[in-house]
Structures are given as structure tokens and as C-alpha cells.
Amino acid sequence: MSDEEMMEGGVQKKFCYVNRTAPYGTVYALESLEVVLIGAAFEQDVSVIFMDDGVFQLTKGQDTAGIGMKNFSPTYRALEMYDVEKLYVSKESLEARGLSEDDLLVDVEVKTAAEIRDLMEEQDVILTF
Amino acid sequence: MKFTIQINEGPYTHQASDTAYNFATAALAAGHEIYRVFFYHDGVNNATRLSTPPQDDRNVINRWSDLAAKHNLDLVVCVAAAQRRGIADADEAKRNGKNADNIAPGFRISGLGQLIEGGIQSDRLVVFGD
Amino acid sequence: MLHTVNKSPFQKNTFESCIKHAAKGSAVLLIEDGVYAALKDSAVSAKVQQAMGDITFYALEPDVNARGLKGKVMDGINLVDYAGFVDLTVKFDRVQSWL
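Protein chains in written order, with this note's numbering: chain A, 2 to 130; chain B, 23 to 152; chain C, -6 to 92.
One or more hints might be untrue.
Said to hold, decoys possible - Listed below are the simulated BS3-like cross-link pairs for lysine-lysine, each with C-alpha atoms no more than 25 Å apart in a straight line: (1) A:K15 x A:K61; (2) A:K71 x B:K120; (3) C:K63 x A:K92; (4) A:K112 x C:K17; (5) B:K24 x C:K84.
As the list claims (entries may be wrong) - Simulated restraints on C-beta separations: (6) C:M45 x B:K92: 39 to 47 Å; (7) A:E110 x B:A91: 43 to 51 Å; (8) C:D80 x B:K92: 19 to 27 Å; (9) B:A91 x A:S101: 53 to 61 Å; (10) B:D123 x C:D34: 31 to 39 Å; (11) C:N58 x B:A52: 20 to 28 Å; (12) A:P75 x B:R130: 53 to 61 Å; (13) B:K120 x A:A97: 41 to 49 Å; (14) A:A97 x B:A91: 17 to 25 Å; (15) C:K17 x B:G119: 53 to 61 Å; (16) B:D145 x C:T49: 49 to 57 Å; (17) A:R78 x B:A102: 15 to 23 Å.
Hints are computed from structural coordinates only; laboratory data are not their basis.
Note that beta-carbon positions come from the ideal geometry of N, C-alpha and C, so glycine has one too.
Only chain A is shown next, with the shape it has when bound in the complex (with noise of 0.2 Å):
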């Protein structure tokens, strides 16, 4: 089957990206991120989880201009768009770093370690980057 005839229909499968790094540190967030945008054209039924230094992905202000690479943060906003909207962030996580809700950039669902863990059960095809 072609990628063409995959997107059209027929199987749709839980896909989970779990996101546990810091951007820029390594290029795990950025191209996992780019799995996600372009897997939103199969039409399957995505989650996002940021969990760990992964939480570190969706603060706001993120300013790269000093280290010369580039600023993907604002595509975490464009997720929506394409009908990435079920964005999970662990509650342990954020907190083990002082931050909140307030702190990132985009609309998410916070979870505890035993929801995440739930959710986690619930999916069919679970991606670590």
C-alpha cells in the first residue's frame, strides 16, 4: 500500500510520541516533531506526551539567537492545525522543574505519573525519541 492509500482510510491505530529531552541540547525534540507533523497526514489517532526534561520543549520565550540555531518552539502552536491536539504533560515533571502551566506555550493537559501510565496503556504504537 502506497503512503497515498495508507492516508486515505482504512486502519486507524493509537500512535504516542513520548518526548523525554530538552530541545536544542539534542536534536531529539526537533525531529520528533517532525514525525508528528508529517504522521498527521495518516489520520491516526495521535497523543503527545512531555514528560522528564521533555517538559522543557513547550516553555515559553525560548530566544536561539545567540546560539545560532533555530527556534521551533512556535510549531508546538501550529500542532492544532493539524489536528494534533491531545498534548499530555506530566505533572511530577513540571513540577520537579518549578514550572506550571503558565510557563508553556501551548494549550496541554497536565497528568499525574498513574494517568500518564493509563494512557499509555491505551495506545497501539508508542514512539520514544
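Start from chain A and add chains B and C according to the hints.
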């Protein structure tokens, strides 16, 4: 079972490619199907033809090429990640104005959609990375 | 679900994050540097012991042996080879790799 394997790291620096290879051979020996092996992030570096490891050590790249040939595996290298890191086939080299290509036998360059498709079509998707 | 952990618990919080999010009845397979969590009498042994109530632990034997840990693995951690790794991925509905 049908497996899609994702490899996020390059040869030698991380054990990911080795573990994935050992997993893949065990899966094939048990009669399972490997639907696709998808190389992402630095994993694309598993596809360079120009690697010359020491003679007394395993050849990570050739091992994948050989396994692909033996079992007709689909080894896919993500085009965006490959462009960033300088892994190219003849078409990509020409298209991007490069004077050389370096892709190893058995690997092909394609889009991220192939990873998603692998996840949709397979029974299991297993990720090997850092 | 089958979870795999490939990081030493002394290096990163990967192992801790994994067991915090692993449901009762899950399996955790320690691979690569993750096998160090299987060491007897380490700073994390008590945590592993405690988690054993809800989770079944496995360690990839080739990785254990490679690191000279033969005979130093905690009781209750099941050693498997790559064929066993494959079997675990078949037995459980899905795999989550903790990196």
C-alpha cells in the same frame, strides 16, 4: 508477527544498531517477518558505504546490507535526517548539487511516512536508540 | 506492555521514569547499559525489589555477560537471550523503549 524496527543512532557510538541487528536476526530465525527497518536521527549513518572499521571487529554497515540481501529486508533511511547528515544516493546527490553519493547497498532513502506506515502495517514497532 | 530500559540507573533517570509509569502486570526488560539496574546490593536494588511486586523484570543475558555481571544479578530478575527478547515483544501487545 510483523515487526517494524526503528534505529535512532549511528554505528559504533551507541549499541542501538547492534542490539537492533541481534534482535532482527533472532526474530527472523524464529520465523517472524521484518516489515521495515527505519533509520532516523543519527541512525542514517548506518547507511554509509564509506565506513572502514578495524578488521577484527564487526562491520555494522555491511552486516545490515548482507541481512537485507539474504532476507529481502526493506532498510529505509529518512530523507530529511539523511540530508542533514550527508547520506545520499545518486539521485539525492544530483538533486542537492553534491559531487558524490555514499549510500551502502540494500538501503533506500525515503520519507518519514514510511515509519508511520510501518507502525500502521506491523504488529509491533520496536525502537532502538540512545 | 513490555518496557525496555537501556540506560544505567546511575547515569540517567530513565529506569526510574520507566517504573513510575509501568502498569501492574507489565514487564521491564533491561538491555544494553540498562542491565546495571539488575546488580545485587546497589543503591537502586531496593527500588527494583519494591517494583517486583507489580512488574516482572528481565535482563538481556548477552548484555549482562558483556559487562562482567554474570553471577551478580539480583534474584527475581529473569535472564533472556535475544530469542527471549523477541518472544517478550510477541507476548505483550506493545513495546515501549525507554532511552
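Do the hints match the structure? See the list:
no. : hint                       : verdict
1   : A:K15 x A:K61              : violated (29 Å)
2   : A:K71 x B:K120             : holds (24 Å)
3   : C:K63 x A:K92              : violated (39 Å)
4   : A:K112 x C:K17             : holds (18 Å)
5   : B:K24 x C:K84              : holds (13 Å)
6   : C:M45 x B:K92: 39 to 47 Å  : holds (40 Å)
7   : A:E110 x B:A91: 43 to 51 Å : holds (47 Å)
8   : C:D80 x B:K92: 19 to 27 Å  : holds (22 Å)
9   : B:A91 x A:S101: 53 to 61 Å : holds (54 Å)
10  : B:D123 x C:D34: 31 to 39 Å : violated (53 Å)
11  : C:N58 x B:A52: 20 to 28 Å  : holds (21 Å)
12  : A:P75 x B:R130: 53 to 61 Å : violated (33 Å)
13  : B:K120 x A:A97: 41 to 49 Å : holds (45 Å)
14  : A:A97 x B:A91: 17 to 25 Å  : violated (48 Å)
15  : C:K17 x B:G119: 53 to 61 Å : holds (56 Å)
16  : B:D145 x C:T49: 49 to 57 Å : violated (21 Å)
17  : A:R78 x B:A102: 15 to 23 Å : holds (21 Å)
Checked against the numbered hints above, the structure breaks hints 1, 3, 10, 12, 14, 16 and satisfies the rest.
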